[in-house]
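*Asks:* Here the protein sequences come in this chain order: H and A.
Quick note: the first sequence uses the numbering used here, first residue 56, plus one each step.
Quick note: the second sequence uses the numbering used here, first residue 248, plus one each step.
Hints were generated in silico from the structure; no laboratory data involved.
Among these hints, one or two may not hold up.
[Said to hold, decoys possible] Using C-beta positions, here's what the derived DEER-type ranges look like:
no.: 1; chain 1: H; residue 1: R261; chain 2: A; residue 2: D260; range: 32 to 42 Å
no.: 2; chain 1: H; residue 1: A333; chain 2: A; residue 2: Q278; range: 14 to 24 Å
no.: 3; chain 1: A; residue 1: D256; chain 2: H; residue 2: T475; range: 53 to 63 Å
no.: 4; chain 1: H; residue 1: P96; chain 2: A; residue 2: G405; range: 56 to 66 Å
no.: 5; chain 1: H; residue 1: D611; chain 2: A; residue 2: Q278; range: 45 to 55 Å
no.: 6; chain 1: A; residue 1: E368; chain 2: H; residue 2: D824; range: 55 to 65 Å
no.: 7; chain 1: A; residue 1: R409; chain 2: H; residue 2: R261; range: 51 to 61 Å
no.: 8; chain 1: H; residue 1: Q184; chain 2: A; residue 2: G328; range: 51 to 61 Å
no.: 9; chain 1: H; residue 1: A164; chain 2: A; residue 2: R319; range: 28 to 38 Å
no.: 10; chain 1: A; residue 1: P312; chain 2: H; residue 2: G813; range: 46 to 56 Å
no.: 11; chain 1: A; residue 1: R319; chain 2: H; residue 2: P805; range: 39 to 49 Å
no.: 12; chain 1: H; residue 1: L192; chain 2: A; residue 2: R319; range: 55 to 65 Å
no.: 13; chain 1: A; residue 1: G405; chain 2: H; residue 2: E550; range: 25 to 35 Å
no.: 14; chain 1: A; residue 1: G328; chain 2: H; residue 2: A333; range: 27 to 37 Å
[Unchecked claim] These stretches of chain A come out as covered by chain H in the derived footprint (C-beta under 8 Å, 3 or more residues):
no.: 15; stretch: 290-297
no.: 16; stretch: 318-326
no.: 17; stretch: 352-360
All C-beta atoms in this analysis are idealised placements derived from N, C-alpha and C, irrespective of residue type, glycine included.
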Amino acid sequence: MTALGVSMRRRDAADKAAGRTVFASDIVRPRMLHAGLFRSPIARGRITALDVSAAEAIPGVRAVLTAEHFPGLYGVGIADHRWLADGQVRYVGEPIVALAADSPELVEAALNAIRVTFEAQEPLVTMDQALAPDAPLIHPDWPDYKVLVDVDVERASNVSWQATVLRGDVDAAFARDDVRIVTTDIRVGRQNQASLEPRACVATYRDGRFVIETSTQVPWAVRNWTATILGVDPAQVRVIVPPVGGGFGMKFEVSLEPYAAALARATGQSVRLVNTRADEMATALCRENAEIRLRSAITPDGRIAAREGIVLMDCGAYSGEQPFLTTMSAHTLFGNYELQTARLVTQAVYTNTAPTGAFRACNGTYSTFALERHTHDICTQLGLDHDEFRAANVLRDGSIGSTGQLFEGSVHNELLEMITELRTSDGVEVPDGWLRGTGQAVGTWFVFVGPSAATINLNTDGSATLVTAGVEIGSGSTVQAIPQIVATELGISPESVVVMQADTDASGYDVGVGGGRNTVSLGAAAQEAAIDVRTKLLDAAAEMIECSAHDLEVRDGRVRVIGDPAMSRTVAEVATYAQARRGPLIGNGAFTARGTECLPGCAAGHMIDALDIPIFTVHECDVAVDPTTGMVRVLSYRVAQDVGRAINPDAIRGQIQGGVAQGLGYALMEEISIAPDGSIEQKGFGDYRLPLAGDVPVVVSALHEGAPSYGPFGAKGAGEIPIMNVAAAVGNAIADAIGEPINELPMTPPRVLMAASGAYRDFSLLHLDGDWHAHVLGDIDAQHPRG
Amino acid sequence: MKPELVALDVNGDVRYVPITGLQSLADVLRQEVHLTSVKVGCAEGYCGSCTVLLDGEPVVSCLMPAIACEGREVRTVDEPGELSGLQADLQRELCESDAVQCGMCIPGIVTLMSALIHQGEIRSAADISPALVGSICRCSGYARIVDAVERVRAAHAGALHREGSS
Ligand code: FES
Ligand code: FES
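For reference, chain A alone in the conformation it holds in the complex:
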């Protein structure tokens, strides 16, 4: 099958990339854009390591046909746009709490959790583990990741609260 040149908006840069048939967004981001932040732990939608934002929504890019992303905004952990502050906080917390081991799962978890905190989907510590059902970490045993997310969520909720009340 011959690849087709398609315009993709990746992290704010519109570029023409060759896409073959139903080739996944993860493949295209890795092979054509060389984004190492998009990891592929399974290519079957279960592990979440390939999570990116599509028009602001977290999606597993290994199941998303790249061709379906034409004209939409693809954002990765490298340039998360309006999530950058939240994401930087989460990355710092993960580092400071020594939550990162091999690191394969971390970019996907950072993207997913920042988006869900931003969208108000995570309202309390109890919401975090259920929100991680699609994120596999084989190394850490999750506890430090959950704690880091909770600290960022709480700080962010506090900031929102202060904004709201001022």
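One chain only, chain H, in its complex shape:
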């Protein structure tokens, strides 16, 4: 029996349901100290005096550390971030002091005893303020920071990164006298990942090395960055990851670990550092707020002759993941549809607010909202049929993407057909006086492929131990899909595959769990390791049975002669035989991105020029809108998703249900606002409204298999993308219900009421006005040399 396509249950569910699972936030160590961070109360200013002596004098306070203990600069695209503020603070909540004490109460007392004086400066809280011509520089040292990737980047003002796309003669296309031009402006707020387990870690310093048990998605990044930030050798850092209580991207960067590690070294004791919910509300690496303008020239036959875009993403005080994410607008905002010509500028903008970061499908969510609201506007304003327009323009086999990549397969068209088959009127009751609407959204995303390593020990009892840096973040792929892949290749049951907890001392390098890459990258490395060890197993069996290895197969825990099942040995017997004669059976696997071609000169400032493994998805929903209150109720929801190959269909559907729920939060209720002083106004779950059971309908889904993918058995990542189209589908459904556009997220009742009164009809973000070229840093033509 093959283990593929089977909805295996999770091996970790029973302990989780019983409360026996130990998360990082549950770990207790002998003589463990508690730690805390003193955070900046102001958004921008110089530290003129810092006095920690009173804190140090409290009995039971064991270490008080300041900036000089954290010499290294952190970043993903640019190294711009000191781990404790050194002289200058740039956001409310920025850590200035890290300390450890015997109890949480003593930590509190010590934090209260710290004295800091600031020379406060006017904070730049909005991108508008940060981009004003006379705005002061948030990072005056920007030109001296190290760029960490091999990409040329323009540097000016408070723009931390710029990515551009230029393909074809856009001006000429807009100037055609037969095209009609449609413009859509969009503004979206931040979204907090709000994993139920906050960021948490326990660090110990032992035998000259740091041992860090932490709630992270990226053990290897934590290892390497902790070393850089502390100025020590990376081989001195070991990172172990217990089950993670939700990540959703927030745990895709190093965070608390360097503080705990430095405190552990300073005290010689284990140190626990766990964020409170208030800390997470103030400093989570939220999905960024953004502003977008899209302009398109549509031909009389309904094709897109030109598309122009401006995207401003608020990266907060430090750039983090955002330089990388500027890349993704080319593939999402300028994805989905065939464009005859295109130009796009995406900038990550520094502000004096908490840094933003990755959150499930990242900017794909609002890019899709902007693009699909724009598509809706195009069809409505030009009187085109929405379904026909989408079907005629979506990317298909042979289409050229915005950066010139060639697409294979007509997956979007197939998904559009699948979604219509899911339509039903069952249970769709519209309350009296409410308006009903239906909305659809198409989306394009990708698998964030990249290096992964795997080792498999095939044991003499017939079991296999899989060693990777794969973390179980709740999505299940590490305990479901990956052992299923290994079991399939080794002809054993998935239960016989032991999955080792991520530990950087045991496993090879891995980018991390996120970006839909787990099943693909770790899965492919694990598959290769399984094939490697199977080859050795069959060689040994051939020697035992005295036949050729080519005549052997392994199934149901036995190696047997093809066509003569009577001639067989158990895997355990062969492994025992092999171990005695050649040593234990071990297989290794390594994987990385293959790289996909794009047209030279189309993309500049991009870290990914083309999508290696694109993923497509179509969402549709029915909503009811109360015209008197602006309340929105989602009546039904359907998803048709390209999964490549469904290794565990139930697990994928669980990801779809959960992803859509988070998307509904983003679309309708999760609002984050920033006060004039730069602080985030929502302080906890009391004022940050997450979706509850009554807000989420049962999501109906259809899984599309067979699209091209070089993932194991043709799989693609399935867990990230379900959130992506939700705001777009709901937005279009609301627009359909009220007969007016709605261009802002979240679509809370007050905004829906505004929309119903026509407030977004001429919605225009003034600072995006003017010629597109005026928004681009540097010489656009020099950045895009034609080959």
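Add chain A with the ligands to chain H, keeping to what the hints say.
*Replies:* Showing chain A with the ligands alone in chain H's frame:
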């Protein structure tokens, strides 16, 4: 502030634990009794991950001063007393329907839903979502949790019905 030694009945064991001022029951259960089943998702009473039974009533232990629990029965998902059968059924249903993702919310939801089914507060499938207003799950999108609770409720109601009629 100096901690005070207070006798707490946790899961049937009476033990002396140090309690400081208005320290929450959740903190004491986690730090002194080392019960990992009591999760703290918010410490502000909204998420329900810290739910325990106090004299049989579900409460959010992060808002309950531990000192106020002296002389009362504290029961967690580990030893739920008379709810153990119902709770085991619910845990099994959650596992079998692949409803558990990260798992942080699950012990609290199991405790709350078992107690409400037991008390007859959940009479039909329609009662489940409203009863979950104080329970945040960030991962699952709730549908499978609601289904699992409904199956257990229906089976339990059937069993009660049979008991009642025999
Ligand atoms: S931790 Fe008690 S309700 Fe959230
Ligand atoms: S399973 Fe993660 S919060 Fe519910």
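*Asks:* Does the structure break any of the earlier hints, and which numbers would those be?
*Replies:* Hint check: nothing fails, all pass.
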